[in-house]
Structures are given as C-alpha cells and as structure tokens.
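Asker: Going line by line, the protein sequences match chains A and B. Oh and the first sequence: position 196 is 196 in our numbering, straight run, nothing missing. Oh and the second sequence: position 32 is 32 in our numbering, straight run, nothing missing.
Wrong hints could be hidden among the right ones.
As the list claims (entries may be wrong) - Here are a few chain A residues that sit away from chain B, every Cβ distance over 12 angstroms (derived from the structure):
(1) Pro6
(2) Glu11
(3) Ala39
(4) Ala176
Unchecked claim - Lysine to any residue pairs mimicking SDA-like chemistry, simulated, CA-CA at most 25 angstroms apart:
(5) Lys244(A) / Arg127(A)
(6) Lys39(B) / Leu112(A)
(7) Lys104(B) / Leu112(A)
In short, the hints are calculated from the structure, not lab data. The beta carbon of each residue, even a glycine, is placed where N, CA and C say it ideally should be.
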Amino acid sequence: MTTTRPTKLSEFLAGCRDEAPLQLGVAPFGMLYSIAALAVGMPAWLVQLSSALVFAGSAQLAIVQMLSVAAGALPIGLTAGLLNLRHVLYSASVAEYVRHLPRRWRLLLAYLLTDEAYAVAILRYQRQAAASPTDLKDAAPGQSMPDLRHWYFLGCGFTLWTCWQLSTAAGLVFGARIPPEWDIDFAVPLTFLALLTLLVRERASQAAALAAGVGVLAFAPLPYNLGIVAAILAGLLVGFGVAKCRGDRP
Amino acid sequence: MSTAVLILLLAVVGGATYLFRYSMIGIFANRNLPAWLRKLCRYIAPASFAALTANALFVHGDKVALSLDAPKPWAALIAVIVAWRTGNVCATIGVGMAALYLLKLFF
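With the rest of the complex left out, here is chain B:
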C-alpha cells in the first residue's frame, strides 16, 4: 500500500473513531436519554471490558484457544484474585506479570 493511501486510510479511521466517540454525546446534548438506554448504559463498561479481556486472553485472529496448559490463563487468574482483593491496578499488573514469569518456568 502506498504511503498516500495509508495516510488516507488512517485519516478515515481516525475520523470515524472520533465520530463514534462524539455520536451519542452530540445526539443527546439537548434531549434526555430514553429510560431504556439509560438502564442499558449501566452495563456498557462491564460488558465492554469483559469482552476486551476475554478477547485479549483467548482469541487469536478468528480462533479461540482455551488451553489451560499454558502459563497465561493461570497468571491471569492470579491477577484476578489480586484485583478482587486489593482493587489496586498497579498490584494487579505487577503480580500478574510476576506470576507469568514464574509460571513460565514450570510450563
């Protein structure tokens, strides 16, 4: 792909992304969110982050790999426990990475 086409592509993707981000803020600037949408909004954050997490851990391209004889799922499990007990992002990432390095010695 030529650099010119690539620049155009990036500008289009960037523009679309901005429009997505502004869309609902713009639409509901002068009117109320319908009640059903407001209720659905409560679950946007948990659903999005669960989807992103599961996607990052278990989906590779269009293939799903749920194998448990790899260190990453176990390191992720340890990280979840730390996150749940402490609510601390730094500790979660730190312990998760440390767990991965340790577990890699055993797998």
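Okay, chain A solo, but in the shape it has when bound:
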C-alpha cells in the first residue's frame, strides 16, 4: 500500500463517515418506533430502555404493533425473536474477521451487529479481503500492517447506536408533531435498497438477492415472521448454486 498507514482513529472515523449517510433512514425509523410505542401506552423510559436493550428496529416496531392489538407475551416474543434470527447469519458472516480480537472486543462488536452497521462493515471487510487475501494472516501483532478494521466496524456500530438512541429520544419529544403524510417510514426501504445495490455487484449475489426478494413474497403467509428467515435461506442456497454452476468465479 502506498497510502498513509491507517491508524485506529482514522479507521474509527472512516467507519463513522461511511455509516453516517444511512442515518437518513435510521433516524425516521427510530422516531416512528417511539411514536408508535407511546401510542400503545408504553412509558417513555421503557421506550428508550428498549432501544438500548433490544437495539433492533424492526423487532422493536413489531413488538409495539403487536401490543397495539393486545397480543400475548409469547407470540410477541416469538415474532420478535424470529425477526432477529437473521443476526445469527450476520454473526457467522463476521466471525472469521473478528476471531483474532480479544473477547471484550467480540462481546462489544456483537452488541453492535445491527443490519445497517453489518452491511457497511462487511463491505469494508470484503473489499480488503479481495485486495489482499493474506490480510488476515498479516494481522498477527508485530507485523507491518496490523488489521485495524475492527475500529472501522466500531465506528459504524457507534454511529448507528448513537443515532438510534437519539432518534428514539427525539420521537419521544417531537413525535406527535410529524404528520403521517410525510411518509418518513419510506426512508427505511430506501436505505435497504441503497445497501442492496452496493452488495450485489456480481452474478451469484444478484441471484441470491433475487431469490430472497421473491422468497419473502412467497413465504409471507408463514407465521411469526418465519418468512423472512426462510427467504434469506433460499437466497443463500441460490447464490451458492449459481456460484457453483459458474465455477466459483466472482
């Protein structure tokens, strides 16, 4: 590499910078959750605490929506749990990149492993892995190029966490004044769309995405949000199959 050596701070700040644009979609999501949670009678402190405890927008919103129709604790727990099951896959996906880190780092990064932080961090990991396959081996201490990408990951997670907590708080304060005609909830699928187009630059990934997208529609009637997990698994298998047929070329 001819560029200046990355430092912990520069990696962290790069993570913050790359994560920042996504907050255009995260902030409305956090506010919507707050508004909906207040509307079903959740106390404000619990609305905020839940954003720190659960720290998963779609599950938090699902819990609130089910509370509004007076669903029981068990179905709500199952729905929210299965909705978050995809995080097991994210965990598998980052496992090889964080295994060399001390346990406290792994515990912290796991807490920050949300959709939007994962997407940005994994792009960083995969980009560098493609450029230099021996990168992980170079990560041993004392080598000339230490692997500092966990600082980048931390920057992404930190930015998202802060925005999520602040937007939850903002929703508690200003929520009732946002007219529904503004459709701020539409920023959420737009964020996912933007991430998706960054992630599907090769044939097998495109096939995986297409299969998962169609799968979600096909599996929608499954209970407890099982459809999303089933669709993702279908996408994985299709991507795997297409890569195999093409001889594992990228």
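Got chain A sorted already, so can you dock chain B onto it with the hints?
Answerer: The following block gives chain B in isolation, referenced to the frame of chain A:
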C-alpha cells in the same frame, strides 16, 4: 399487559437478540469456519437486504400487495436507478423521497 411483564418480555427479546448476534462469533472464535459455511456467508448480506427491502415494500402483515398503481413502487424504482448509477446512499434516499412526494401528486 402489565409494565412488569413488558419489561420481562423486552429483556428476554433483548437477551435473545444479543445471543443471536454473538452466537457464531463465539462458536468460531477458536476454530475455522467450515468451507461450505464460508461460501454461504458471501451471500448473507445480499440475501438479507433483498428480503428486508421486499418485505418493507410489498408485505403488510401476512398479505402481499404488489399493486403498481401506487406511488411507492415507482419511487423505489427511481431510487434503485440512482443507487445503481451513483452508489451514494444520501442521493438514493433523497431522490427516493422526492420522487415519492412528486408521484403522490399524480396517483
């Protein structure tokens, strides 16, 4: 639901979510990912985000609504084009929202 039950529910969901997020990181801390899993991992991000996008756009509860005489699918299409051409998240969200507001005047 009483506040106490709700707190318990949120703690359980939060705990489960954390366990999901840590699960594979913990399991594969001291051993290698099997080759097949490593290959599957490559498609986790695209498959997950495609599923989340399609779910947010077209699934309402357990019903699928693919109607094309609504502004949102068209605004999403415009956003995809912007995302594909620019790779810029801000521009995608900005143009997508602007397209939605404009299209709402016509539908």
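Asker: A separate judgement is required for each hint: does it hold in the structure or not?
Answerer: Hint check results:
no., hint, result
1, Pro6, "holds (22 angstroms)"
2, Glu11, "holds (19 angstroms)"
3, Ala39, "holds (15 angstroms)"
4, Ala176, "holds (21 angstroms)"
5, Lys244(A) / Arg127(A), "holds (21 angstroms)"
6, Lys39(B) / Leu112(A), "holds (24 angstroms)"
7, Lys104(B) / Leu112(A), "violated (37 angstroms)"
Hint 7 from the list above is the single one not met by this structure.
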